[in-house]
Amino acid sequence: MGLRSFVALPVNKGGLVTRLVVDEIPETNNDRITANLAYGLDNKQAFFIAVPYRIADAKGDRLGDVGLLYRNLVWQNIDSGIKSSRFGILLGGVAPTDNDRDPKASAGVVYTYVNDKHEFDTDALWQQGIDDAKNALRYDLSYQYRLFPKEYPEWGLSTLVNAVVELAGRGVEGNTVVQQFTGGLQWVVTPRWVLEGGVTQDLNGPNDTNYIFSTRFHF
Amino acid sequence: MKILIIVFVMTTLLLFSLSVVAKHEQTVEIDLSGLTCSFCVYGLKKNLEKHDDVEKADISLKNNKTCIHLKPGATVTEEELKEIIIDAGFGSGESQHYGRAEHPCESTPC
Numbered sequence: 001m002g003l004r005s006f007v008a009l010p011v012n013k014g015g016l017v018t019r020l021v022v023d024e025i026p027e028t029n030n031d032r033i034t035a036n037l038a039y040g041l042d043n044k045q046a047f048f049i050a051v052p053y054r055i056a057d058a059k060g061d062r063l064g065d066v067g068l069l070y071r072n073l074v075w076q077n078i079d080s081g082i083k084s085s086r087f088g089i090l091l092g093g094v095a096p097t098d099n100d101r102d103p104k105a106s107a108g109v110v111y112t113y114v115n116d117k118h119e120f121d122t123d124a125l126w127q128q129g130i131d132d133a134k135n136a137l138r139y140d141l142s143y144q145y146r147l148f149p150k151e152y153p154e155w156g157l158s159t160l161v162n163a164v165v166e167l168a169g170r171g172v173e174g175n176t177v178v179q180q181f182t183g184g185l186q187w188v189v190t191p192r193w194v195l196e197g198g199v200t201q202d203l204n205g206p207n208d209t210n211y212i213f214s215t216r217f218h219f
Numbered sequence: 220m221k222i223l224i225i226v227f228v229m230t231t232l233l234l235f236s237l238s239v240v241a242k243h244e245q246t247v248e249i250d251l252s253g254l255t256c257s258f259c260v261y262g263l264k265k266n267l268e269k270h271d272d273v274e275k276a277d278i279s280l281k282n283n284k285t286c287i288h289l290k291p292g293a294t295v296t297e298e299e300l301k302e303i304i305i306d307a308g309f310g311s312g313e314s315q316h317y318g319r320a321e322h323p324c325e326s327t328p329c
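If you're matching them up, the sequences are chains S and P in order.
For the record, in the first sequence the residue sitting at position 10 is 10 according to my numbering, with numbers rising by one throughout.
One rule links them: number in my numbering = place in the second sequence (from 1) + 219.
Be aware that a few hints might be false.
[Stated by the list, open to error] List of simulated lysine to any residue pairs, SDA-like, C-alpha gap at most 20 Å:
no., chain 1, residue 1, chain 2, residue 2
1, S, 83, S, 143
2, P, 275, S, 192
3, P, 301, S, 81
4, P, 265, S, 189
5, S, 83, P, 250
6, P, 265, S, 192
7, P, 265, S, 39
8, S, 83, S, 8
9, P, 281, S, 154
10, P, 275, S, 153
11, P, 301, S, 76
12, P, 281, P, 250
13, P, 301, S, 77
14, S, 83, P, 282
[Claimed, not checked] In silico negatives: residues of chain P with every beta carbon more than 12 Å from chain S:
no., residue
15, 272
16, 274
17, 292
18, 293
19, 299
20, 318
Derived from the structure by calculation, the hints contain no laboratory data.
No experiment lies behind these values; they were computed from the predicted model shown.
For each residue, glycine too, the CB sits at the ideal point set by N, CA and C.
Turn these sequences into a full structure, and let the hints guide you.
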């Protein structure tokens, strides 16, 4: 799983994952925290919730719209010991937290390929505006390389460190899709606790440099 | 005839005691597939250890195996354990049964 997208997250049956993401955007003073929650219904189905909250700018609404997604892994290849690939569909919507905004319906796809030290994730999501809400598109392509350990221990798990590079795009109807490049690190402190951090550079936007930090817990 | 009855009873008792011993403290080793991340290991371990008959499940991401240590008197079958693995989203393959004392997993830090 990359740094900017949550939908490629592996979630086990009955597993609950919480994640807090801090996006620091120095140039626009528009920092925000996003709370993510994922729950695994069974080995193929999972639910994702995202609640953004603006922390830096006191003007206007602080609470963002709530994103809800259902993921169903419709195809997977898990026959190999060190390789796996999974493809899923995403369905859901965006529920406004203010009467002035309208909801959106979401549909997309997610694909994950893992081969020992290498992991590749991609997802794309279309958000269809309802009433006055504008359509939106987002995508993420991420690659992770396991830096440490070089080899897994015989039994059990050690701490892990992954390098992550990610290309993401965010666009709203009528505006240019902003392409962003992110580089960072994931530190799997324990199999239940992960710390992540990275730097994001807009490739075609106002050249903002953003910072992203997150922590997640697997229950 | 009397000797035959004694032999029959002794054989039955011996087989019964062996089956009781066999049900105590056994370990099942199952090959895994599709297990490619530490969260997968954590989730599978949690699901296996939820079963009342499972004392502990050790998982090797390196060798793609799980050693499932069963409680004394456990009646869970190999098929039921494989079902848990499949339910958790992974593949299961060949399996082997060991008495606790003879299993190599015990000699490594699990």
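Status of each hint after checking the structure:
Taking the CA atoms of residue 83 of chain S and residue 143 of chain S, the gap is about 15 Å. The hint holds against a cut of 20 Å. For the suggested pair residue 275 of chain P and residue 192 of chain S, the alpha carbons sit about 18 Å apart, so the restraint of at most 20 Å is met. Distance hint between residue 301 of chain P and residue 81 of chain S is fulfilled; the C-alpha atoms sit about 16 Å from each other, no more than 20 Å. For the proposed pair residue 265 of chain P and residue 189 of chain S, the alpha carbon gap of about 18 Å is at most 20 Å, so the pair holds.
At most 20 Å may separate the alpha-carbon atoms for a hinted pair to count; residue 83 of chain S and residue 250 of chain P meet this at roughly 14 Å. The straight-line distance between the Cα atoms of residue 265 of chain P and residue 192 of chain S is roughly 11 Å, inside the 20 Å bound, and the hint therefore holds. For the hint linking residue 265 of chain P to residue 39 of chain S, the alpha-carbon distance of about 15 Å falls within 20 Å, and the restraint holds. Under the criterion of a C-alpha separation no larger than 20 Å, the hint pairing residue 83 of chain S with residue 8 of chain S is consistent with the structure, at around 16 Å.
Annotation: proposed proximity of residue 281 of chain P to residue 154 of chain S holds, straight-line Cα distance about 6 Å (limit 20 Å). Under the criterion of a C-alpha separation no larger than 20 Å, the hint pairing residue 275 of chain P with residue 153 of chain S is consistent with the structure, at around 18 Å. With a CA separation close to 18 Å, the supplied pair residue 301 of chain P and residue 76 of chain S stays within the 20 Å bound. At roughly 11 Å between alpha-carbon atoms, residue 281 of chain P and residue 250 of chain P fall within 20 Å of each other, so this suggested pair holds.
For the hint pairing residue 301 of chain P with residue 77 of chain S, the CA-to-CA distance comes to about 17 Å; that is within 20 Å, so the pair holds. In summary, the hint linking residue 83 of chain S to residue 282 of chain P is supported, as the alpha carbons are separated by about 13 Å, within the 20 Å threshold. Non-interface status of residue 272 of chain P relative to chain S is upheld: no Cβ of that chain comes within 12 Å, the nearest being about 18 Å off. With a least beta-carbon separation of about 15 Å from chain S, residue 274 of chain P lies farther than 12 Å from that chain, consistent with its non-interface assignment.
Every CB of chain S lies more than 12 Å from the CB of residue 292 of chain P, the least distance being 25 Å, so the non-interface label holds. With a least beta-carbon separation of about 21 Å from chain S, residue 293 of chain P lies farther than 12 Å from that chain, consistent with its non-interface assignment. Residue placement check: residue 299 of chain P keeps its beta carbon more than 12 Å from all beta carbons of chain S (closest about 15 Å). Residue placement check: residue 318 of chain P keeps its beta carbon more than 12 Å from all beta carbons of chain S (closest about 19 Å).
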